[in-house]
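Protein chains: 2
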Amino acid sequence: MLIKERLFTPGPVPLPPQVIKALGQQIIHHRTPEFTEIFFDVRKKLQQLLDTERDVIMFASSGTGAMEASVLNFFSRGDKILVINAGKFGQRWKELGETYGLDVIDYQIEWGKTYQKEKVKEIVEKNPDIKGIFVQQSETSTTTYHDVEFLGEISNSLDDCILVVDGITSVGVYQVYPEKSGIDVLVTGSQKALMLPPGLGLLYFSQKAEKRLKTSNLPKYYFDVAKEVKKQREGQTAYTPAISLIIALRESLTLILEEGLPQLEKRHSIMAEATREAVKALGLKLLSESPSNSATGIYSPEGIDGNKLRKRLLELGFRVAGGQDHLKGKILRIAHMGYFDFNDVIQVIAGLEMALIKEGYTVEPATGVKKAQEIILKNI
Amino acid sequence: MLIKERLFTPGPVPLPPQVIKALGQQIIHHRTPEFTEIFFDVRKKLQQLLDTERDVIMFASSGTGAMEASVLNFFSRGDKILVINAGKFGQRWKELGETYGLDVIDYQIEWGKTYQKEKVKEIVEKNPDIKGIFVQQSETSTTTYHDVEFLGEISNSLDDCILVVDGITSVGVYQVYPEKSGIDVLVTGSQKALMLPPGLGLLYFSQKAEKRLKTSNLPKYYFDVAKEVKKQREGQTAYTPAISLIIALRESLTLILEEGLPQLEKRHSIMAEATREAVKALGLKLLSESPSNSATGIYSPEGIDGNKLRKRLLELGFRVAGGQDHLKGKILRIAHMGYFDFNDVIQVIAGLEMALIKEGYTVEPATGVKKAQEIILKNI
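Just so you know, the sequences run in chain order X and Y. Residue 1 is where the first sequence starts when you use the working numbering, and the numbers rise one by one after that. Residue 1 is where the second sequence starts when you use the working numbering, and the numbers rise one by one after that.
In short, the hints are calculated from the structure, not lab data. Given the structure is predicted, the values throughout are model-derived calculations rather than measurements. Be aware that one or more of the hints could be misleading.
You can't tell identical chains apart in this list, so a pair holds if it fits in one copy or across any two.
List time: in silico EDC-like cross-link candidates among lysine to aspartate or glutamate, alpha-carbon distance up to 20 Å [claimed, not checked]:
| id | residue 1 | residue 2 |
| --- | --- | --- |
| 1 | Lys358 | Glu374 |
| 2 | Lys378 | Glu315 |
| 3 | Lys230 | Asp55 |
| 4 | Lys4 | Asp344 |
| 5 | Lys4 | Glu265 |
| 6 | Lys378 | Glu364 |
| 7 | Lys126 | Asp103 |
| 8 | Lys358 | Asp341 |
| 9 | Lys266 | Glu315 |
| 10 | Lys4 | Asp341 |
| 11 | Lys266 | Glu5 |
Please take these sequences and the hints and turn them into a complete structure.
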């Protein structure tokens with residue numbers, strides 16, 4: 001029997017038809033006025049997205065490439081940094097720092113929790129020479145939101161510290177305005193709420209961070225921000241750009257800006273709340289104590305293997321993500337970022353209910369759907 | 001706020017990605033071996049679809065064109081025909097018959113009902129010289145199923161009568177095997193359960209009908225079946241074919257044949273039953289006493305204007321159809337034919353519930369969804 005597969009993973013995410021159309025075109029050459037015109041348009045739209053007039057650099061890389069760039073260009077060997085390590089991607093900041101010889105203070109946090117303000121204060125009081133604080137605004141592995149504004153204040157209170165934020169699953173979900181939030185370096189990737197295939201890494205940096213470009217002594221070539229800034233201001237890139245993705249990014253940014261960032265943030269907030277409340281109504285436990293609006297992590301109920309539940313959901317038409325590392329087989333992660341609306345949330349909740357029932361879980365059908373509908377009805 | 005529009009109209013219907021991909025290609029020329037190869041493949045697949053080794057003719061026309069062809073090629077001026085006229089498309093058979101000077105017995109049936117066997121028997125007893133019985137297997141305007149097998153028997157009991165069936169919203173929903181059901185002429189169109197854009201009309205005719213090709217004296221040029229038979233057996237068409245649609249039809253037929261007709265029929269039956277039972281659970285009344293599995297017609301509840309309800313559903317992301325002619329503003333028609341699965345049904349039912357609530361109807365959210373889920377869970 002025909003059952004359509006629906007993608008509810010926290011990256012890659014479904015592509016809007018406008019993006020698919022833009023991708024399904026003959027390639028154009030990048031060293032042309034035609035491409036430069038598109039490039040400038042995308043640059044301007046990225047600035048609108050982040051409410052800034054500063055450079056937003058595009059790399060032909062995944063989000064991790066942009067993460068690496070934010071270590072390589074703004075730090076020097078031996079620099080002391082604080083990593084908010086609350087999941088797989090927090091761990092990645094730590095690994096990047098160590099790889100390039102930074103002095104990493106690894107603030108390990110139980111997966112599913114966010115940082116404690118007192119603990120951060122304590123660390124920086126003992127280490128006033130911290131040169132950078134690294135955090136995920138939305139930690140995808142644990143579907144956890146970390147407040148960045150507090151960290152911005154802390155960073156600014158130090159002598160010479162910058163706040164580096166992984167916004168890979170927060171940009172396009174929340175209104176992320178680095179200049180208002182004290183973010184000095186912000187990175188994101190194409191395959192999340194920007195609704196594109198993977199392969200494009202984006203990087204914003206503040207005036208304060210810019211000064212580091214001249215002093216940073218870490219080895220870099222492909223991810224050389226200063227070199228890219230120069231080229232990209234001219235409407236080109238230092239190395240071959242991801243042409244198709246940049247052309248498609250114009251489409252997804254148009255969609256985002258037409259909806260408007262406040263509306264977009266509201267939509268994600270409604271979808272996330274509806275998902276969380278529906279899941280709780282089904283008697284399931286959320287993974288995160290500070291849940292992100294990009295995806296919802298759920299513990300598989302006692303006695304039901306998470307991987308089996310996930311496989312069952314796939315049979316019913318829904319591809320969701322499982323847990324990473326020690327959460328493998330224990331959780332599901334259901335995305336609601338990017339090209340989703342509240343009807344998608346209702347559908348996946350109904351699917352989850354049917355998958356649970358098929359796996360022997362006792363629940364009345366539509367219990368979660370009802371809860372989700374109630375929340376949606378209050379908001380539309 | 002971004003809300004995606006979902007098409008739930010009984011034609012056009014959503015296109016599968018394979019079809020969209022096939023349509024999004026450079027055109028090829030039709031007077032080429034390349035096209036002939038595709039044409040023969042499609043011809044063979046159409047034969048598999050209808051379980052026949054006879055010709056299935058393709059016209060560059062809408063379904064109405066194929067309806068016209070089945071009048072023009074198999075009848076002569078003054079021929080007496082019986083039209084089962086139970087909706088807008090039954091009326092079309094009548095108009096076609098009258099336009100070409102046939103002697104039409106117009107068996108008018110209240111919209112939403114099917115024919116009475118006794119009444120048909122009575123008519124043919126009084127008119128043993130009837131040359132054709134015309135019917136919709138699925139009358140789209142009233143979402144009503146008409147049994148064709150009984151009419152096949154009646155037709156065969158007469159001296160020289162053929163059964164002409166409009167299968168525009170039954171082929172691809174039911175297992176429609178004309179040779180098993182006594183259907184002599186069967187027409188369908190591309191934009192329904194064949195999951196294509198409009199523009200392709202299809203026509204099957206039996207051995208019994210074939211004899212009429214030589215005797216029919218109605219004027220025809222574009223819709224000349226004998227001429228097309230000759231050309232199409234050679235892998236070409238008499239006039240320019242709808243090239244892209246034929247290429248895309250290969251894709252949709254592949255999908256249909258891979259699923260298998262019994263599974264396809266079962267899927268549509270589950271989707272239709274879930275829709276009907278959900279709607280009844282919401283306290284709404286079905287339009288049809290003999291509902292088709294292609295679409296479900298529903299009366300808008302007392303005090304709620306059907307057009308307003310439909311508009312509200314559209315605001316919530318669902319484009320459904322309204323009523324035609326005297327049913328305008330009174331009903332909704334929700335399709336579930338072609339590229340739909342049970343998750344789509346759940347989604348549109350949840351949308352209908354929210355639209356009803358927004359219009360002031362008193363119902364608990366998820367009442368219909370629960371019913372739909374129960375039916376689906378029993379069947380998967």
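(Q) Please sort Lys266 with Glu315 into within, between, both or neither, judging by C-alpha distance up to 20 Å. (A) Cα proximity of Lys266 and Glu315: across copies only (17 Å, versus 31 Å in one copy).
Q. When no copy is specified for Lys266 and Glu5, does a C-alpha distance of 20 Å or less occur within a copy, between copies, both, or neither?
A. Intra 27 Å, inter 19 Å, cutoff 20 Å: inter-copy only.
Q: Please work out whether the CA atoms of Lys358 and Asp341 approach to 20 Å or closer within one copy, between two copies, in both situations, or in neither?
A: This pair counts as between: shortest inter-copy Cα distance 18 Å, intra-copy 26 Å.
Q | Homomeric proximity label, Lys230 with Asp55: Cα distance no greater than 20 Å | A | within (10 Å within a copy, 67 Å between copies)
Q: If the cutoff is 20 Å on CA atoms, where do Lys358 and Glu374 land: within, between, both or neither? Let me know, please.
A: Intra 25 Å, inter 12 Å, cutoff 20 Å: inter-copy only.
Q | Intra- versus inter-copy proximity for Glu265 and Lys4 (alpha-carbon distance at most 20 Å) | A | between (28 Å within a copy, 16 Å between copies)
Q. Can you tell me if Lys378 and Glu315 fall within 20 Å by alpha carbon in one copy, between copies, both or neither?
A. Cα proximity of Lys378 and Glu315: across copies only (15 Å, versus 32 Å in one copy).
Q) Can you tell me if Lys4 and Asp344 fall within 20 Å by alpha carbon in one copy, between copies, both or neither? A) both (13 Å within a copy, 9 Å between copies)
Q: Using 20 Å as the alpha carbon limit, work out where Lys126 and Asp103 are close: within a copy, between copies, both or neither.
A: within (14 Å within a copy, 100 Å between copies)
Q) Between Lys4 and Asp341, at a C-alpha cutoff of 20 Å, which is it: within one copy, between copies, both, or neither? A) both (18 Å within a copy, 7 Å between copies)
Q | Alpha-carbon proximity between Lys378 and Glu364, which holds within one copy, between copies, both or neither at 20 Å | A | between (23 Å within a copy, 14 Å between copies)
No hint from the list above goes unmet by this structure.
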